[in-house]
Each structure stands twice: as structure tokens, then as C-alpha cells.
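Keeping the supplied structure of chain A fixed, place chains B, C and D upon it in accordance with the hints.
If you read the sequences in order, they're chains A, B, C and D. Position 209 (the first sequence) corresponds to 209 in this note's numbering; numbering is contiguous. Position 2 (the second sequence) corresponds to 2 in this note's numbering; numbering is contiguous. Position 126 (the third sequence) corresponds to 126 in this note's numbering; numbering is contiguous. Position 225 (the fourth sequence) corresponds to 225 in this note's numbering; numbering is contiguous.
No false leads were mixed into what you were given.
A pair counts as met if it fits within one copy or between any two copies, since identical chains are not told apart.
When the alpha-carbon atoms are kept at most 35 angstroms apart in a straight line, the in silico DSBU-like pairs for lysine-lysine are as follows:
hint : residue 1 : residue 2
1    : 39        : 288
2    : 148       : 39
3    : 222       : 148
4    : 170       : 288
5    : 39        : 215
6    : 136       : 148
7    : 170       : 281
8    : 222       : 136
9    : 148       : 36
10   : 148       : 281
11   : 222       : 211
12   : 136       : 36
13   : 281       : 36
14   : 215       : 148
15   : 288       : 148
16   : 136       : 215
Calculated from the structure, these hints are not laboratory results.
There are 4 protein chains.
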Amino acid sequence: MRPIILACAAALVLMSSSAGAQSWQPPADNQRCPSKWGKDDQRGAANLMNPETVLRAARLIRTGELIELGHVLSGEMPLSAGRRFEVETKRTTMNPQSNRRGSNEELVIAEIGQVGTQFDGFAHQTIGNSLYNCFKVDEVSTRNGFSKLGIQNVGALMTRGVMVDIAALKGVEMLADTYEITVQDLQQALAKQNVTLQPGDAVIIHTGFGKLWEKDNARYSKGNPGIGVAAGEWLARQSPMLVGADTPPVEVNPNPDAQISLPIHQMMLAVNGIHLLENLKLDELAAKRVYEFAFIIEPLKIQGATGSTVAPVAIR
Amino acid sequence: MRPIILACAAALVLMSSSAGAQSWQPPADNQRCPSKWGKDDQRGAANLMNPETVLRAARLIRTGELIELGHVLSGEMPLSAGRRFEVETKRTTMNPQSNRRGSNEELVIAEIGQVGTQFDGFAHQTIGNSLYNCFKVDEVSTRNGFSKLGIQNVGALMTRGVMVDIAALKGVEMLADTYEITVQDLQQALAKQNVTLQPGDAVIIHTGFGKLWEKDNARYSKGNPGIGVAAGEWLARQSPMLVGADTPPVEVNPNPDAQISLPIHQMMLAVNGIHLLENLKLDELAAKRVYEFAFIIEPLKIQGATGSTVAPVAIR
Amino acid sequence: MRPIILACAAALVLMSSSAGAQSWQPPADNQRCPSKWGKDDQRGAANLMNPETVLRAARLIRTGELIELGHVLSGEMPLSAGRRFEVETKRTTMNPQSNRRGSNEELVIAEIGQVGTQFDGFAHQTIGNSLYNCFKVDEVSTRNGFSKLGIQNVGALMTRGVMVDIAALKGVEMLADTYEITVQDLQQALAKQNVTLQPGDAVIIHTGFGKLWEKDNARYSKGNPGIGVAAGEWLARQSPMLVGADTPPVEVNPNPDAQISLPIHQMMLAVNGIHLLENLKLDELAAKRVYEFAFIIEPLKIQGATGSTVAPVAIR
Amino acid sequence: MRPIILACAAALVLMSSSAGAQSWQPPADNQRCPSKWGKDDQRGAANLMNPETVLRAARLIRTGELIELGHVLSGEMPLSAGRRFEVETKRTTMNPQSNRRGSNEELVIAEIGQVGTQFDGFAHQTIGNSLYNCFKVDEVSTRNGFSKLGIQNVGALMTRGVMVDIAALKGVEMLADTYEITVQDLQQALAKQNVTLQPGDAVIIHTGFGKLWEKDNARYSKGNPGIGVAAGEWLARQSPMLVGADTPPVEVNPNPDAQISLPIHQMMLAVNGIHLLENLKLDELAAKRVYEFAFIIEPLKIQGATGSTVAPVAIR
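With the rest of the complex left out, here is chain A (with noise of 0.2 angstroms):
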């Protein structure tokens, strides 16, 4: 008997890819739909939204001080492959009457949805051909934006912020480019922070790897320490708003298991219905150990996008 056990046991270990992650593969559409939100739900947990959401954040506003959580846009910022972000400033038309008032304006050419900190809406990723509460992107995708699902049907979110500090949990700057982040690393973290979660938090993570932003970008576009399979299933059952973190794509990149790309985007955007909420600008919250605020975030409402760039804010 013993040389079986042995053998079972090898093949357990040899079956999972690396100590402490968890590979994942997405639930079948029958298992996902429709969303706990209702079958023509496209709104996820924005449905958390509401009065309350709002005076629950409201209190925690006690000086007044307000935290800028995104950062500027510009020409230098890392962006995905296959993205741009330009800004052609037109020549200045000057009007003929007699107040010589001339005018400025400038195009931008960007995928405007997916650059700088953005906002993720749940026509961005699908799991096969299905996207969120299965619509299935042939019925919904036109050459103009998505019939369903759009950004627009978010609106402005405002709700408690947690901010989960896990690079001082680790007593690091920055946690290492490849660190993923555990059940217990965001447990400990919170118990540190002396915070609970609740339903309806933005919860932020600080990785510290937005140090990187604009300083050596090619680094912070390669990959990225952050939550795998594990800590994105637990956080999923906290049920917030939204996750986000200062990295570009929230979740450790790549994936411990190079079988499957990017799990946790499909988990909480397509499964959960939750938001993800990329490249914040964390440093100045993480200094002042901030780490319950009101956050307010107004995602454009640009008709039928994947999502929108944002400039969210962190009052306390």
C-alpha cells in the first residue's frame, strides 16, 4: 500500500502548480446565471448602491481632507499593448468680433475605457462568449459599443472605502513583482488595520508597485504582484462594490497557474458582477494610514464602453 500513497501523494503535490495557489476554472453559464441581481440585471454589485451606501461613507468624512486617488494623464503613462493615449492640441481659432476672444480645444484619440486608473464595466471580459449575467457578446456588441452591459448604466459610486495594506503587513515598500496575495495576507492585514469589511466597501489594495508608474513602465506592465484565485474568491464573498489596486490589472499577473489568463478578471467581472478598478495612485493614502474613507468615483457615461478612465477621490 504504501508505494500507492506515496505515488497519490506525489501526484497531489505535482498537481498543484506552486505552493499556496489555487488554479480555477469559471463555473459553467448555468452555474453563473442568471445573477443573484435578477435575469436582466446589468448592473452587478452597483446594485449595492444606495442612501444608506452613501451616509455610510458620509460620516467617515470628519476634516475634510480629500485624497486624490488617480493619476494624471499623459503621453508617459504605462499603457497595454495595443492601447494609446494622445492628445493633439488643435490651433487656436480666433473669433472675428471685437473682444478678440480665441478658442482652445484638443482630440484625444485613447481607448478612453481602459487607460490611466480606470474603471472596469462588465463588457470587458467574457468567459467563451458570454459576458456578465450571459449576454452573449455576438447579441450585444455593435461596431459603436455594447447594447448592454455599458458603462453608462453605472453612475456615480459613493461608499465606504477600505484600503487593505498589505506591503505594510509585509513591512516592504513594495511587495515583490511575482508575490501573490493570500487569504490570510488580507485577513491579517485588515485585523492590523484594526477594519472589518462590509457589503457594498470599495476595497483597495496597496501592493506599493504604483511606485513603479512612470518610472519604469515596461516593469510595472510585466507583471504584478496581487490576489490570486484564493484571496479574489474570499474577497468576492464580502461582497464589495468594487476591488481595486495600484497595478494594472488588480490580480497577480501572470496567473501562478500559466494554464489560465487573468481569472480573477472573469470571477469578479463576469461571475460576481463586482468592478475592478486598475491603477489607482495609492502612495499618499498608504503614507497617511488612511484606511477607511468615503470614496466617490463618477465613471464617464460613455454609451455602450467597456469601461471609463477615472479620477476617483478618498475623503475622510
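Leaving out everything else, chains B, C and D in the frame of chain A:
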């Protein structure tokens, strides 16, 4: 003597182009510069934004009700001549890994600083070759943005919002297309609403003209009611953080004095450093008679841009 | 018997949707593929281009007169729905050196393969999910071009050009908007012009409809006269290198059979690998009665594109 | 006296920045304007295009062999700073009719007048605020093109082409990156090739530097061999229709006189009204030793543009 007196009186009557209207010429550079905020100042009335402003606004949040003040951005919206708003949905890219993750995004081509509900910055308008605080266009303009006065300098603004309902004052759904709002109109509306302006307010004027948005774009864009020079000067003296309306230019257009073009743009942006907020969606705010509220706006931080499309909110 | 005969006759009459018109269904893949040019062929009738073709054309150059066949590209031109042509002139950059060299350029945003006088390639039209020579759209399409059948495969074409003047045949300036050009029309015009088609020709059809270009864009774009299925099939059998006209789609639009959409596009591009050349400017060629000429076209080599705007010429 | 003479000689030596190089300053407006072609002329040396020019070229077509002189346009090609070439393939739209016709097109965003193998027009370069024939930039520039000197004025050019192979003269594959081609080089190469220049020629200079295209874009774009001021002045006196090369600016870059920036651009385009043709693909022409040929170019007729990407050919 009497004929002379009569002649002078007649001349004076002839000189004023229309009853109640007032002409205007921009002040000389040395009269308006340096700005009261300092010779290097780029932020104008946004300098009024501070923790007290935030607290004053937060105290107005009583029920947690959030009212959206921004329009959806789509190709159907009214656009100023020469501007466009294009959303090109890219083909889905399917990642090769086993979790069948498909990714969607779109290319947006637009004068994103000057479309939809839009927030004007100080690079937008000139007096001759000179901007707010006398920055010279030739010195601060580049092919890819303005090196001074770019919209990224503004940051989020949270302040007390006051809606001044002139349509309700006049007992109409919509002011007439050419109606110039007077100082008396503003004062009477505020009195009727039992509200007083305070420095740092976001002053939001309801004309009712916003009803034409995507109903009659040609008429909406052709000309509109709004404040004229006198009301503009009075408002500027109240030291608001910004002035907004449910019309494209906020001010009456065309100006009753045919010799001048959109003088309030120069008065607010270039002379006083007060922001303009155009194309607001005010139907809900007006219907619910919300005269005082927490106003929150998050302009995109587009480096060197002349403005930003926005999705501001009123919260009470 | 007679009732049966009458019934059959009635059925036959009912089956043809209009006098002279002919319906069409695209052939099955195994009937049209592989192309007669070979199973990997991407160039279709451009394979007819060779030194003999060039010499045959060069021999037609007798006086050296060059006639332009392409329209000016501007924002005023008729454009198909969903397309645009934008030219944004950038600010002049002045180089700092002593020779005061200023540099100008413009950003162009357009479906440059499909605007103005345009040359259609084989990635442009599908039968179901399949292109010319049965390349599958899903297999050859990417976000930034087609990996097969891109317009860069065509190269310059110099061949004998033949103008078939149907407007002159009918003694009119412009054919009626809905007129379907028949086989007989083509044959009679060629006979009247004393010209015979040869394989490899650029066959240019004059309808006179090009008069509406920038005069009545709405009418020009709404529907137009042109070849129908029968004439298309006859032309295809003459083995031309391309077929062009002074209308947007070359073929009659809409097709008299309301059940089918632009069948000649599929017939020429997808089935036969014959290029289409749209929106030609033929007024001068027709006025000068130039029926036979050297035809030269230089499609841009845009990698992976579906076509190219062009400025072709006739030389005699 | 001798010390003085020596001193003068030394001063003269010091004044010339490098052996054989020659500095240059643009002539005053009243020295170069009006153009010899007339005070309202917009076409410069293209005025040399006429039926004789066409016939002279046609007579050089002996075998019908066509050689492409233009590069493929793709995102991989070298681009000048601030320019881009983007091809966004749109989603296929499937028409609802029974013939299952799917339609593809792409959005192209580029400085299409100034990318790839490109033909410079006269709106492209200024001397101070002044263009060819002293048109003033301020007077003829708009947000959407130049009202004078736009590339649509050129039309197709068919003329005798002469390749001047300097690389072959020097017995190298590629001239050195900083090599300035001299008058003697041009004369010796022509003599060696047994070819004489004639007015109206398209003069094509082979440096071999085109080998670096898409092999080492950084080096290709950084600096290149080419004609300097002396060779430029000699060439201009030969009255060519255009001057081209297999480098980005045609002229040596940087100019040996560090005080001046790309003087040949001003000399040809602004002073003499002679077009420049950049980024030619000359490997085949040079390998086949084709020194004299029919040259045909069809610049796009983009209204008001500064130039056009092109796909010119040599035919013999």
C-alpha cells in the same frame, strides 16, 4: 439747451443695443493680471477648495440621495461644430489559455475635454493671445497640450452646490431661446428659494433649455438663454468656484451685443479664473426642487487639456 | 393540360421579381474554392497584371494626355454610414535653429481604405464567414488588419482601360437612380464605341451619376444605377482585372431583388477575385469620349487593409 | 604681411564647419517671391508636368517590367516623432438579407501625408511664417487643412525617372550614416551610369540606407546620409520635378552645420517649389541597375494636406 439734452438722451438710448443688455470689453492685461491668487497661479477659484469647503458640502448630505447631473455620452448628443464623439468597439481578442477569457475595449476619438457635460479649464479661452493670469498662448501651447493651465491642475471639487431656478421663477418649463438672465432674476430666484450664495459655491443655473438635449439638437446648439454681462459680473463678485447651466455655453448666446462673442467665457475663465460647467442635466434636480446640496465633480486629469467631460453629482 | 401550363407560366412570372432582373445566391464554398488562381492565392484578377498588360496599356499612350479619375478627398464628400474623413491640421512647430524652419503636418482619421474614390480589396466582403478563396474571417482577422488578402498584396496595376458609356448609349446625362444596366446595354455600348473587351482590362462604366458628387450627397448615397446580376455575370466572364463606376457601389443599389444585398460585391470580390473601383470621377473621360486608354492605379500598401482610397488616371 | 595672410587663411578654415560642407540661410522673401511660376502659383515644379513629359516617360517603357518603389505601410515602420500609423479593424457587420453578405473595413489614424513612402507638398515647410511663393501660414492655415498649397493641387505625375546610385559609386552597400553627398558625387555617378539629367525629371538618389527599414528603425530615423546644401543647389538648378531618396528626409541629417535644420527642405519646397519624395524602397531598382525609367506617382488628393503617402513605381 433742451434740444441738446434731448439729443444726448436719444444718443444714450441708441447706444444701448437692447433694453437691459450691457456690452463689455475684456480688461487690459495689466488690469486683470496678476491674478488675485498670485502671479504663477494656475488654479483660480479652485483655490477656494479646501477641507472647510468639503465639510460644508458634507453637512448637506442628509438622506443620501444622489442625483446625476451629467448626460450620457453618445454619438447622438449635440456637439459644437468641428467636434465629434466616436466610439469604435474593437474585435474581441480571445486569450489562448484554458479559461477562455475574451477581452473587449473600444477606441474613442473625441474632443473629450469639450463634449457632453463638460467642465471648462483655463487653457480653453483667450483674450487676444493671452490666457488666465496672462499666460501667453504661444509660450504655453504645444502640439500635445498646454504646459500651463492644463485641466490636470484642478483636481476633484467638493463644495456646496446651489441651483438657481430661473425657469421656475418665470413660471415656464423653458426660458425663451434668446432670453438674457438678469441680476434681478438671480436675486429674485435666490430669495424665492430662500437661499444665499456663499463664496466657493458651485452655482448651477436652471433654464429648462436642457429639455432639448437629443430632442432637438439643432435648436439646442443654435442659441440659448443664459446670463449676460451684468449677471455675469454680479455672479463673479459672489466668488463662486464655478458657474454651470443646462445649456452649451452657460451664457446667453448669441450675446445681445452682436459685436461681442461669448463674453462670459472670457470674464469667467480668463479674467476671474472661475470655471464654467456646460450641458448639465438638471431636470431631476429642478423637478425635486433641490436648491442646496453637496456638489462633487471629478474632472479627468488629462495633462495639458483645455477641459474635461464630467459626470458630476448632487447629493442631499 | 392547359390549366397546368397556365399555372406553370404564372408561377414562372411570379418567380422573377421584376422584368429583366435576376436574383442570385452566392455559390457554396466548394463550388467557388479553391480559386482558379490556386488554393493559397490572395491576388485574384490582379494575377492578370504582367509586362504584357503594361505594354498593351503603354501602346495606348499617344498624345500624353492625362485625365484624373479620382475625386478630391475632403470632409464635404459623400461618405457611407459609419465612416468619416477628418483632417486635423496640427500647430506649426518652429525648429530652434537659425534657418527658421517651421514644420506642418496633419492627423487624418478616416476609413482610408473605403472613402472617396476607392479600390476594394478581397478582405472587404464575405459570404457568411468566408472571404475570397475561402479564407475564413475568424482565422485571418486581427484587431489591426487581415493576415491574408490585405490590400498590400495588390501592388500598382497598369492595364488597358475601357470606358463603357451607358449614359451616352441611353442619350442621357445621368441614368435613372434605380436603373439596372443589362448585358445588352454593355454590349450595345461597346459596339457603338467600337471597342471590344479583353481579359485583364479595367472596365469603367459611366452612368453619369457622379454628377451628384458634392452636389447632392444624400441622393448620391441613397441609391444608384448600375450593373445587376446578369450584367455582373457577363462581365465576370470577360475576365477583367477590375470593374469600376462613378457610383458608390458600382452595382445597382438597391438590388431589384429586395432579398439580396449588393450581390455584385460578393460576386466580384469573394467569388471571382475581381476588384471593384468605386466613386470614380468620369465627367472628363466621358466628355472627351475616351473609350480606350492606359489605366494606372496605385493602391496604398496598407498592411492588412480591406481597400485603399486611390487617385487613378487614364492616359492616352 | 605673411602673419596677416596666415591669420586670414586660418580664419577662413575655421569658418567652414567641415571640409566640403556649406552653410546656408534661406533667402529673403522678396528674393524668392514671387515664384518664377507666377505670383499665385501653387504647383511649383509640377508645372513641368505636361503631355511631353508623359510621352518622354512612356517611351522608356520597353519590356513592361514594373518595379515598386514604395514600402508597405504598417505599425512596424519607422515613424518620425509625434506621428503614428494605426489600423483598427472594425467588427464585421453582417447584412440581414439572404445572401449573407458580411462587410469589413478599418479605421486608420495616421499623419497619412507624412508616413511611409511619402511625397512632401508645399504646405509642409516654412521659412519663418511663410511658405512656398510667400503664402503666409497664418493666412492659409485652418483647423482642417491649408487653403493654399494643399496636396490636392499636385495631381498624378508621370515623368522620366533617373536613379543616381551613390552607394554603387562608392562601392558600398550603404553610405555612412553621416555622409554628405556632394555635387561631384552626383556628377560622377551620372557619368558612370551614362545618364544626363533633364528638366522635369524625378531624380531618385540611392544611398542604400533603406536597407535599415524595419531592420533597425532607430538607426534609420536617427540620422542618415544624403545631399547637402551644395548638391541641393546644383540639383535645383537642373530643374527636376522632384528629388527623392531611400531615407527619411532625402538630405543629410543632421546637416554638418549644426546651426541649421534640414535646409534642403526649405530650399526645395519653400524656395524652389520642388517636391521631396522620402522613404523610397530602392533595393530592387538598384540591384537591377535601372538608371532610367518611366516614373509614375499618384499622390492622394487630400484637400489642404501637407503631403501624401504614396506607392510610386518605376516602369521600363
